[in-house]
Amino acid sequence: MIEVLRAGRCDLVMDQGRSGWGVLGVPTGGAADPAALAAANRLVGNDADAAGLEMILSGPVLRFPTGGVAALTGARFAATRSSGAAVVWNQTLVLAAGETLALERAEVGCRCWLALRGGVAVSPVMGSRSTFLPASFGGFQGRALQAGDMLPGDGRGGEVRLLRAHPPASLTGEALRVVAGPQAEQFDDTGLAAFFSRLYRAEAASDRRGLRLRGAAVTHRRVKLPSQGVLPGAVQIPPDGQPIILGWDGPVTGGYPVIAGLIAADWPRLAQLQPGDPVRFVTIEVDAAQALAATPWPIEEMG
Amino acid sequence: MSAGLTALMAASAGVASTLAAIRIAANSVRMMQHSEKRRHPMGKPKTSRLYLKAAPDPNVSWRWVSERGLRLATGDATLARYLALSSLNLPEIEDMIPADGSLLLILRRGEPVSADLLEALAMPLAIAHATTGKLHEIAVEYGGAAGPDLPALAELSGMDAATYIRSHTAVEYTVAFLGFQPGFPYLRGLPPALHAPRRASPRVSVPKGSVAIGGAYTGIYPASGPGGWHILGRTPVDLFDPQREAPALLMPGDHVRFVAA
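These protein sequences, in sequence, are chains A and B. According to our numbering, the first sequence is numbered sequentially starting from 1. According to our numbering, the second sequence is numbered sequentially starting from 1.
The reader is advised that the hints may include incorrect statements.
Using 35 Å as the maximum straight-line C-alpha spacing, the simulated DSBU-like pairs for lysine-lysine come out as follows [unchecked claim]:
| # | chain 1 | residue 1 | chain 2 | residue 2 |
| --- | --- | --- | --- | --- |
| 1 | B | Lys134 | A | Lys224 |
| 2 | B | Lys208 | B | Lys134 |
| 3 | A | Lys224 | B | Lys208 |
Worth flagging that the hints you see were computed from the coordinates, not collected in a lab.
Based on the sequences and whatever the hints tell you, model everything.
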């Protein structure tokens, strides 16, 4: 059980998402960095696909009436515990009954994940506990958390193993790797040169549907395109030439030309971009990108 | 690494963004997608006998949207191709998104295209697949507050409102695909006289159930939200409910007939 004393900017119940519903217009969604949430789950003894919380930029104040075993991964937020114990990322935390955890602002990066032993036990919708905000379903009542919410979870007992996870070396950094997109040829030299050589900045008006960038306009021939299937990471160029990287909850079809596709290995970086952060694009070949398989974070017993 | 790619990376890093480097870079990016009809999606056409077996049909072409997104140009056979691939349950395919003349295959992370998938793409399609589909009759309140754009649409088509409504209800539409919002159907079959370019500026909020026209398609908004199509009426029918066993009322291949309420 988790009681929300104060909500953060946008706290969402997430798991590994719901795939296979694209034909209905529903994207997979799920944690913006699935490996980070999976690692948090393993730190508390859960299956990797249990539901936890995804928090962005500014976190909530949470109370654990019956205590519990928790873990935080992803961006470090300024954080305190009512017990006075240190809030350490990437390791198992044992919370006493009635203890509160206060997450303030992100220090570096943008998103962090909290797992609780037993998982957040909201009912699955279409096979997943992930919140899908654009259509208001899944997660906790299809919305971001609010003060006063009580999140179900049995916080089951049993032996507690104190574990530590090792995140990949760089979850941040301005270079994002992309493969050339299906409409790359529609862009003229000036447009391609802008996209591949200039620095862009993440806009404040970005959410899980898409990350808007601002910078040199990516010029292209305006051709009427039929709606085509898209997936997270697809970089669309709308008529104003300012790129939009489609996010985890983005639409499944789109009508703007796609200049490039962000590779899955760099989605975790996308998840950590703060408004104003610089971004630039570098290319990689499709087969090289496919060879970058997802690897779970290494986890070891402490002390 | 090719010289073009090296130049591209240098240009990307801002180290040598000379005009020449950028031109080479631009060509290199184009080449990465250019040879779609000749190139094996795995990128190794010459070493594979399978390639010869797999792509004898010059109409099968593909494009990478990202390393996990393989977009097949499927034309009128989009739904048949979707159904044929669905029935195979190929392990590397995480999701599929039929759209307007193309089918996007979303591959599981780290999975290349398998021999089985290539073989499936080379197989002729059973056309019978595509001809099934339920017929739905959908009641619509046309015009008035429910359809604020009806007068303008009718005028654009050179008809009076009653004639326009008769034209819209006279057709049996086919669900081409769902997209934009969960359960939003793109309905094919709109009489050409009723085609209308999208609104110059989208509405901030289109009410749930709005029946609308965008280009050559007519569609229905399953939920309230922003939208750029012209609204000609509204239906009380619930198009999408994630709690239902079949969340979307309409599926690709289904047929729709509108009935004026």
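Results for each hint:
1. B:Lys134 with A:Lys224: holds, 31 Å
2. B:Lys208 with B:Lys134: Measuring from Cα to Cα gives roughly 23 Å; hence the hint holds.
3. A:Lys224 with B:Lys208: holds, 28 Å
Checked against the numbered hints given earlier, this structure breaks none of them.
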